[in-house]
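Undergrad: Sequence lines, in order, name chains A and B.
Going left to right, the first sequence walks through residues 1 to 363 as the numbering used here numbers them.
Going left to right, the second sequence walks through residues 1 to 363 as the numbering used here numbers them.
There's no promise every hint is true.
[Claimed, not checked] When the alpha-carbon atoms are kept at most 27 Å apart in a straight line, the in silico DSS-like pairs for lysine-lysine are as follows:
| no. | chain 1 | residue 1 | chain 2 | residue 2 |
| --- | --- | --- | --- | --- |
| 1 | A | 317 | A | 341 |
| 2 | A | 289 | B | 289 |
| 3 | B | 361 | A | 317 |
| 4 | B | 357 | B | 346 |
| 5 | A | 346 | B | 289 |
| 6 | A | 317 | B | 357 |
Keep in mind the hints are simulated off the structure, nothing from the lab.
Number of protein chains: 2
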Amino acid sequence: MDNRAHRYCVIMCGGIGSRFWPYSRAKLPKQFIDFLGTGRTLLQMSYDRICNLIPAENILIITNDRYADLVREQLPGVSEHNILLEPARRNTAPCIAWAAWHIAARDPEASMIVTPADHVITREAEFERSILEGFDFIESNDALLTLGITPVSPETGYGYIQIGEHTVGNISKVKTFTEKPDIELAKVFIATGEFFWNSGIFLWKASVIQDALRRHASDIAMVFDSAPDGTYTDEEAERGFIAEAFPGCLSISIDYSVMERAGNVYVETVTFGWNDLGTWSALYDLSPKNLDRNVTQNCNVLSYNCSGTIFAIRGEKLVVVDGLEDYIVSDADGVLLICPKAREQKIKQMVTDAKLKFGDKYE
Amino acid sequence: MDNRAHRYCVIMCGGIGSRFWPYSRAKLPKQFIDFLGTGRTLLQMSYDRICNLIPAENILIITNDRYADLVREQLPGVSEHNILLEPARRNTAPCIAWAAWHIAARDPEASMIVTPADHVITREAEFERSILEGFDFIESNDALLTLGITPVSPETGYGYIQIGEHTVGNISKVKTFTEKPDIELAKVFIATGEFFWNSGIFLWKASVIQDALRRHASDIAMVFDSAPDGTYTDEEAERGFIAEAFPGCLSISIDYSVMERAGNVYVETVTFGWNDLGTWSALYDLSPKNLDRNVTQNCNVLSYNCSGTIFAIRGEKLVVVDGLEDYIVSDADGVLLICPKAREQKIKQMVTDAKLKFGDKYE
Numbered sequence: 001m002d003n004r005a006h007r008y009c010v011i012m013c014g015g016i017g018s019r020f021w022p023y024s025r026a027k028l029p030k031q032f033i034d035f036l037g038t039g040r041t042l043l044q045m046s047y048d049r050i051c052n053l054i055p056a057e058n059i060l061i062i063t064n065d066r067y068a069d070l071v072r073e074q075l076p077g078v079s080e081h082n083i084l085l086e087p088a089r090r091n092t093a094p095c096i097a098w099a100a101w102h103i104a105a106r107d108p109e110a111s112m113i114v115t116p117a118d119h120v121i122t123r124e125a126e127f128e129r130s131i132l133e134g135f136d137f138i139e140s141n142d143a144l145l146t147l148g149i150t151p152v153s154p155e156t157g158y159g160y161i162q163i164g165e166h167t168v169g170n171i172s173k174v175k176t177f178t179e180k181p182d183i184e185l186a187k188v189f190i191a192t193g194e195f196f197w198n199s200g201i202f203l204w205k206a207s208v209i210q211d212a213l214r215r216h217a218s219d220i221a222m223v224f225d226s227a228p229d230g231t232y233t234d235e236e237a238e239r240g241f242i243a244e245a246f247p248g249c250l251s252i253s254i255d256y257s258v259m260e261r262a263g264n265v266y267v268e269t270v271t272f273g274w275n276d277l278g279t280w281s282a283l284y285d286l287s288p289k290n291l292d293r294n295v296t297q298n299c300n301v302l303s304y305n306c307s308g309t310i311f312a313i314r315g316e317k318l319v320v321v322d323g324l325e326d327y328i329v330s331d332a333d334g335v336l337l338i339c340p341k342a343r344e345q346k347i348k349q350m351v352t353d354a355k356l357k358f359g360d361k362y363e
Numbered sequence: 001m002d003n004r005a006h007r008y009c010v011i012m013c014g015g016i017g018s019r020f021w022p023y024s025r026a027k028l029p030k031q032f033i034d035f036l037g038t039g040r041t042l043l044q045m046s047y048d049r050i051c052n053l054i055p056a057e058n059i060l061i062i063t064n065d066r067y068a069d070l071v072r073e074q075l076p077g078v079s080e081h082n083i084l085l086e087p088a089r090r091n092t093a094p095c096i097a098w099a100a101w102h103i104a105a106r107d108p109e110a111s112m113i114v115t116p117a118d119h120v121i122t123r124e125a126e127f128e129r130s131i132l133e134g135f136d137f138i139e140s141n142d143a144l145l146t147l148g149i150t151p152v153s154p155e156t157g158y159g160y161i162q163i164g165e166h167t168v169g170n171i172s173k174v175k176t177f178t179e180k181p182d183i184e185l186a187k188v189f190i191a192t193g194e195f196f197w198n199s200g201i202f203l204w205k206a207s208v209i210q211d212a213l214r215r216h217a218s219d220i221a222m223v224f225d226s227a228p229d230g231t232y233t234d235e236e237a238e239r240g241f242i243a244e245a246f247p248g249c250l251s252i253s254i255d256y257s258v259m260e261r262a263g264n265v266y267v268e269t270v271t272f273g274w275n276d277l278g279t280w281s282a283l284y285d286l287s288p289k290n291l292d293r294n295v296t297q298n299c300n301v302l303s304y305n306c307s308g309t310i311f312a313i314r315g316e317k318l319v320v321v322d323g324l325e326d327y328i329v330s331d332a333d334g335v336l337l338i339c340p341k342a343r344e345q346k347i348k349q350m351v352t353d354a355k356l357k358f359g360d361k362y363e
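Chain A with its partners taken away, still in its complex shape:
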């Protein structure tokens, strides 16, 4: 059976990437940046990757309405009706719910993959193989499938999925979800071989995630079930229902509202060179280094007594630096950040401080 015509993709790209502030900003977030210097932004790379698997007319982009023009500019091949514009930020559950109702209205037999726009995947052929295995599974089972990345180190910044009973191929039942563990626990997780990183990439039939939302997140499901005729059509924007109803949804993640509560949750363990680019240190680790172990993004650097440092600059600039070890130096759009990599978890607080003291334009 060829299910290809019923397969859909939803690329979520509404985040603001504040952990890469000031290089990633509310007005130009991470997913819209050519972070790896390849000539394609993270969103464009996510789109290119999925194009081999899903018919172009079945690829939907869901984002905050302030990024509409960025999406149109970066993905000119995506039709206007495949761009869903959220009128408010409400985390992943309302976002995925809207997409599922929208797709189910187009095609009651639809299966779908939901993926963030801002991850890096280096082994594309393996990615394709994994996604096809996932589709095959959810098309023959009423399952909620999440992709679990085979861990390569005891990271404390990720959620972990513990696998239970083996089902088929690379797919198992999920036993537990665990949010960011401390380093000791993370080491134990790795040693057992039972724990995988939660990628935030999901596959399911549209009807199955609708049912799961009705059961486990009924307040959200009720919003989308109550939509008047014509909502999930090409006239959706003109009808105005989403603009009115979406902001009323609870802001909650799909993991917390559905995946951690439902019974039919499965994990496919994968090894396709995944990195969520969640931290400056991750970007540093992933990027090619010069002889001094420095990484440069978009700038010329003249460095003395300086190593382990990442420079990310927007606009033409020469950086001359002496004496920085393991720092982040980022200059973009009126903000210069100089911060040790070891303290990058403080950057979110710095952004808050900057907004409080100097105004929202620094978000």
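We have chain A; now place chain B onto it with these hints.
TA: Frame of chain A; chain B shown alone:
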């Protein structure tokens, strides 16, 4: 006798201030910057200071011709004929010689003060008193007078003048000139009470420095003595002699070519709150500090675990910084410098490296 009408001032402002790179640049050097945040540039402050002592029509500005527009803009009250534009950089001896010949042609009885444009003087009334004492002395003596600053610490970055036989008031014969001593020697200098910092501010009659140049720097004097009629007049620029002859002068300082060789050299010891702003550390020391002992020039700074650091930014920018102790952070015109204050003597080399590697626009 009122000599005021015969008194002239020459403000030298042709330097490029490379020790403050990138904040001070070849295209906008230190003397043209409002370095103290007072609303007046160093050149303007030098001009304001001398205006109380010298008739405005007797104040000359000598600078490199590339800075002509900056001078006109910053000192709109100075007439075009009082701006001498050097066609090449040739250190202070040719610069002062030209000014002396020019002034002597206007007024054979002229006395003159020569001063750099980029120093800071905080005690203006004391400055005026000192300059008047100096003029009185050189008008009644055929003397070359230099101002010696009473030292407040054993600086190794300055030249020192040792005083000899006391002459009158605050004026003594000069015994020796010593270039930058090491720290041990500087401490000995201070302890003796005989050594003063060489300020680079001179007073003499135009005819007396002409004679001294003829005797001790005859190759330079010959150039200016050989000028055709009309050279040292309002038609000087049109006549073209300076444009042709000046670049042929030896590049040498007035200290080395004349002051260290002549017999009639005197020093007036002064205490008018002088600082040559020769280093970032000097600027740091002179500037008001915030609670973390940081200094900001022209920017908002949000700092964490950061002290003893100076931030000098051109253009609107928010700087967010964590973990810098005793650094210089300067961003201007396409260059960002991050350098420990303790290594600022390396900045000249960095500029050279930057030009070699990335082009002259970074000078």
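Undergrad: Decide, hint by hint, whether the structure agrees.
TA: Taking the hints in turn, this is what the structure says about them:
1. 317/A with 341/A: Given pair residue 317/A, residue 341/A holds - Cα atoms ~22 Å apart, limit 27 Å.
2. 289/A with 289/B: 38 Å, violated
3. 361/B with 317/A: With Cα atoms ~12 Å apart, residue 361/B and residue 317/A stay inside 27 Å; holds.
4. 357/B with 346/B: 16 Å, holds
5. 346/A with 289/B: Holds, because 25 Å separates the two Cα atoms, which is no more than 27 Å.
6. 317/A with 357/B: 14 Å, holds
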